[in-house]
Amino acid sequence: GAGVSQSPSNKVTEKGKDVELRCDPISGHTALYWYRQSLGQGLEFLIYFQGNSAPDKSGLPSDRFSAERTGGSVSTLTIQRTQQEDSAVYLCASSPQSSGINEQYFGPGTRLTVT
Amino acid sequence: AQSVTQLGSHVSVSEGALVLLRCNYSSSVPPYLFWYVQYPNQGLQLLLKYTSAATLVKGINGFEAEFKKSETSFHLTKPSAHMSDAAEYFCAVSDDYQLTFGKGTKLSVIP
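Protein chains in written order, with the numbering used here: chain R, 9 to 123; chain H, 391 to 501.
Simulated from the structure, these hints should not be mistaken for lab results.
Backbone N, C-alpha and C fix where the C-beta goes; we use that ideal spot for every residue, glycine too.
There may be inaccurate statements among the hints.
To be verified - Listed below are the simulated DSSO-like cross-link pairs for lysine-lysine, each with C-alpha atoms no more than 30 Å apart in a straight line:
| hint | chain 1 | residue 1 | chain 2 | residue 2 |
| --- | --- | --- | --- | --- |
| 1 | H | K496 | H | K459 |
| 2 | H | K458 | H | K496 |
| 3 | H | K493 | H | K448 |
| 4 | H | K458 | H | K493 |
| 5 | H | K458 | H | K448 |
| 6 | H | K496 | H | K448 |
| 7 | R | K65 | H | K493 |
| 8 | H | K458 | R | K19 |
| 9 | H | K448 | H | K459 |
| 10 | H | K496 | R | K19 |
| 11 | R | K19 | R | K65 |
| 12 | H | K493 | R | K23 |
Stated by the list, open to error - Cβ-Cβ distance ranges computed for the label pairs, FRET-style:
| hint | chain 1 | residue 1 | chain 2 | residue 2 | range |
| --- | --- | --- | --- | --- | --- |
| 13 | R | E93 | H | A391 | 20 to 30 Å |
| 14 | H | K493 | R | S13 | 37 to 47 Å |
| 15 | H | N431 | R | T21 | 17 to 27 Å |
| 16 | R | G50 | H | S402 | 13 to 23 Å |
| 17 | H | L410 | R | S74 | 39 to 49 Å |
Unchecked claim - Away from chain R, derived, C-beta distances all over 10 Å, residues of chain H:
| hint | residue |
| --- | --- |
| 18 | E405 |
| 19 | Q435 |
| 20 | T441 |
| 21 | E456 |
| 22 | T462 |
| 23 | K493 |
| 24 | S498 |
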């Protein structure tokens, strides 16, 4: 079946612009996660959605970052007023439910470059 | 708080040699432990996971890992390296839903 998909695969933007990154999880997966992968920080948790519950936003690095999940499926991560330190690969993952025992299935990522 | 330490950011082995990638964890509760592999320009793929059913866990592509509570370790091994094993490997711990990753170990396989 189809895996997690993300778009765009690459995004180059100028400092100060807003960007939107999209994630389509595996159909039927109720949990969705965003992570950021950068050279200096490794893989960092950003935000977690589970069904209709309030998301866990504890990993968002600043208030310039926000995310939403519409209809319990597609998710969009928005970065406002991008800075050079936002350059990274943004990975989305989904799992059948939120238990830590469950494998998270990762998408290919969006590589964001802020110039 | 939970954390993962991967010893060695880069490991090189000869083709056919033993692969050993080290992972130590810190967790206040019995952990769920994972090894993921990332090939260039791709997302993460699960190799194996420990969920307390058995201490020796077998995964895909001939990899296995042993959970040792006394050593708080979950090292990844493969008896014989193949060129296709060249990738970056991440150990991760989860106590609820959030994965906490180690810094990763890049494996090079020398022909």
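Hint by hint, here is what the structure shows:
| no. | hint | in the structure |
| --- | --- | --- |
| 1 | H:K496 - H:K459 | holds (25 Å) |
| 2 | H:K458 - H:K496 | holds (23 Å) |
| 3 | H:K493 - H:K448 | holds (23 Å) |
| 4 | H:K458 - H:K493 | holds (20 Å) |
| 5 | H:K458 - H:K448 | holds (15 Å) |
| 6 | H:K496 - H:K448 | holds (21 Å) |
| 7 | R:K65 - H:K493 | holds (22 Å) |
| 8 | H:K458 - R:K19 | violated (42 Å) |
| 9 | H:K448 - H:K459 | holds (17 Å) |
| 10 | H:K496 - R:K19 | holds (25 Å) |
| 11 | R:K19 - R:K65 | holds (23 Å) |
| 12 | H:K493 - R:K23 | holds (27 Å) |
| 13 | R:E93 - H:A391: 20 to 30 Å | holds (24 Å) |
| 14 | H:K493 - R:S13: 37 to 47 Å | violated (27 Å) |
| 15 | H:N431 - R:T21: 17 to 27 Å | holds (19 Å) |
| 16 | R:G50 - H:S402: 13 to 23 Å | holds (21 Å) |
| 17 | H:L410 - R:S74: 39 to 49 Å | holds (42 Å) |
| 18 | E405 | holds (28 Å) |
| 19 | Q435 | violated (7 Å) |
| 20 | T441 | violated (5 Å) |
| 21 | E456 | holds (19 Å) |
| 22 | T462 | holds (17 Å) |
| 23 | K493 | violated (5 Å) |
| 24 | S498 | holds (18 Å) |
Consistency with the previously given hints fails for numbers 8, 14, 19, 20, 23, ordered from lowest to highest.
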